[in-house]
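Below, each chain spelled out in residue letters.
There are 2 protein chains.
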Amino acid sequence: MPIRELQYPTESYSKVNRHRERADYALETIHGIVNSCPLLHVSFQDPDSPFPAVLPMMGQMGSFDRPSAGLGDVLDLYLHSYVSARIVNLVRASSLPDSEGLPITIAATHLDGLVLALTPHSHSFNYRSALLFGHAHLVTSTDEKLYALELITNSVLPNRWSQTRIPPTPAEMQSTAVLRVRITSGSAKIRSGGPKDGDKRDLADEELLGRVWTGVVPVYTTLGEPVAGGYNRVEGVPDETEKWRKERNGEAEGFATEAVKEG
Amino acid sequence: MPIRELQYPTESYSKVNRHRERADYALETIHGIVNSCPLLHVSFQDPDSPFPAVLPMMGQMGSFDRPSAGLGDVLDLYLHSYVSARIVNLVRASSLPDSEGLPITIAATHLDGLVLALTPHSHSFNYRSALLFGHAHLVTSTDEKLYALELITNSVLPNRWSQTRIPPTPAEMQSTAVLRVRITSGSAKIRSGGPKDGDKRDLADEELLGRVWTGVVPVYTTLGEPVAGGYNRVEGVPDETEKWRKERNGEAEGFATEAVKEG
Chain Y
1 MPIRELQYPT
11 ESYSKVNRHR
21 ERADYALETI
31 HGIVNSCPLL
41 HVSFQDPDSP
51 FPAVLPMMGQ
61 MGSFDRPSAG
71 LGDVLDLYLH
81 SYVSARIVNL
91 VRASSLPDSE
101 GLPITIAATH
111 LDGLVLALTP
121 HSHSFNYRSA
131 LLFGHAHLVT
141 STDEKLYALE
151 LITNSVLPNR
161 WSQTRIPPTP
171 AEMQSTAVLR
181 VRITSGSAKI
191 RSGGPKDGDK
201 RDLADEELLG
211 RVWTGVVPVY
221 TTLGEPVAGG
231 YNRVEGVPDE
241 TEKWRKERNG
251 EAEGFATEAV
261 KEG
Chain W
1 MPIRELQYPT
11 ESYSKVNRHR
21 ERADYALETI
31 HGIVNSCPLL
41 HVSFQDPDSP
51 FPAVLPMMGQ
61 MGSFDRPSAG
71 LGDVLDLYLH
81 SYVSARIVNL
91 VRASSLPDSE
101 GLPITIAATH
111 LDGLVLALTP
121 HSHSFNYRSA
131 LLFGHAHLVT
141 STDEKLYALE
151 LITNSVLPNR
161 WSQTRIPPTP
171 AEMQSTAVLR
181 VRITSGSAKI
191 RSGGPKDGDK
201 RDLADEELLG
211 RVWTGVVPVY
221 TTLGEPVAGG
231 YNRVEGVPDE
241 TEKWRKERNG
251 EAEGFATEAV
261 KEG
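Line by line, the protein sequences give chains Y and W. Using this note's numbering, the letters of the first sequence map in sequence onto residues 1 to 263. Using this note's numbering, the letters of the second sequence map in sequence onto residues 1 to 263.
It should be emphasised that the hints constitute simulated quantities derived from the structure, not laboratory data. Any given hint might turn out to be false.
As the list claims (entries may be wrong) - Heads up, simulated DSS-like pairs for lysine-lysine below, C-alpha to C-alpha not over 27 angstroms straight-line:
no.: 1; chain 1: Y; residue 1: LYS246; chain 2: W; residue 2: LYS261
no.: 2; chain 1: W; residue 1: LYS145; chain 2: Y; residue 2: LYS261
no.: 3; chain 1: Y; residue 1: LYS196; chain 2: W; residue 2: LYS145
no.: 4; chain 1: W; residue 1: LYS243; chain 2: Y; residue 2: LYS246
no.: 5; chain 1: Y; residue 1: LYS246; chain 2: Y; residue 2: LYS196
no.: 6; chain 1: W; residue 1: LYS246; chain 2: Y; residue 2: LYS246
no.: 7; chain 1: Y; residue 1: LYS246; chain 2: W; residue 2: LYS145
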């Protein structure tokens, strides 16, 4: 543990302006939210489009140079894509010698609860949301690409990479693109706790208090009963998969329920 | 039911280029994905930022002029925001007489399953993802604002609006901003079904087939046991809330499991 945890600089574009008490700029918090989010929303500006592009993508943060780095260390974001995807073509076009890469923004969001209050105005969500801002580059080294693909595959199911047919074939490697995003800044915004009605008249209104249930409905992601595919030959779901699934489900439920008590 | 369902035009920025067999441009499909997604990811370009902005926001599609319109009809997207949020300031600044509003992109994504294949390359997700492109305007009519706030509140919990303290106070109305997005185009991308390994050698490899479990882990959102807030006075969670919660959980689990069989 470092004595003082690393924080991202608060730039004008990354600073949380509304509900500043919910802001967190610690690398560990932000990277933890990103790496536990199965789908990231990635945005970039295509010069040929009047609208920003937004894509759901798979990604993970890691350090190829120092694979043992922890969540609180300086990390890159690796994004999984397809060789001729629009974002990859734009990154390739922006990879001129003097270019710093394609500016992109990444959002990772977990919904943790429905916060039900006395008034519509005070309704809210419990959530953990992270934003990262950085410049995307195409990964060209085979070793770094394999590092990133293993990282991303294992984020879906622990140790999955080494249990499947590896290494990827040349055709698989050729059709897959991996982007490395050098992070410039980032922020997290977290709401936890119960409802917080702000109007004193409501909180003194016996009729209202006696009528409207207020509290939180925890929300979490469940991994359901696995369904074997058409060409599966392995009898029964592997024990370690079931163990992981049940642990994950328990943790998710516990987290969302605990979040109600905090904040 | 119209004889022919409405579809969004496929613009260069909205067209699905990769896995075109997963694309769907029907309004009903796209609007259904958006309205069942509790958090939308909204992107816009702030002229003062080198990076596009991405915000998780609450929103719902509807028609103020024709509230009985269905999901397959032409609808606007209403987004809930705060009076001095950056996006609201930009929308205000773009609301000049000749302006068409702030160009924004909205993403709504549901993760339905982890697709586990023989090779890392063939791993995938089952998902339903929608994109909308349009121009955002500030809602200034009180009636339209109330319509949108009711729509958004009731998307969290059916009939919640009329059960809480309404109407909003002048201070609540003043601090809340509602944006109306006129949709220009949109698309959906949906993956369902089991794993689809593409390499014939893998599918003929008895050792591999006997070793690697292939199939889908369904993924769905669960609404957990409600937790009463600090100033709640209503004993027990209302029956209709519990009924809705259990129905929603059953539907979510059923949907993710059924999605494995399709496609």
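Taking the hints in turn, this is what the structure says about them:
Taking the CA atoms of LYS246 of chain Y and LYS261 of chain W, the gap is about 23 angstroms. The hint holds against a cut of 27 angstroms. Between the alpha carbons of LYS145 of chain W and LYS261 of chain Y the distance comes to roughly 33 angstroms, so the proposed pair goes past 27 angstroms and is violated. Simply put, LYS196 of chain Y and LYS145 of chain W have alpha-carbon atoms about 23 angstroms apart, close enough for the 27 angstroms limit, and the pair holds. A distance of roughly 25 angstroms separates the Cα atoms of LYS243 of chain W and LYS246 of chain Y; the hinted pair therefore holds under the 27 angstroms criterion.
Taking the CA atoms of LYS246 of chain Y and LYS196 of chain Y, the gap is about 33 angstroms. The hint is violated against a cut of 27 angstroms. Restraint check for LYS246 of chain W and LYS246 of chain Y: the C-alpha separation of about 20 angstroms stays at or below 27 angstroms, so the hint holds. For the hint linking LYS246 of chain Y to LYS145 of chain W, the alpha-carbon distance of about 44 angstroms lies beyond 27 angstroms, and the restraint is violated.
When held up to the earlier numbered hints, the structure conflicts with 2, 5, 7 and fits the remainder.
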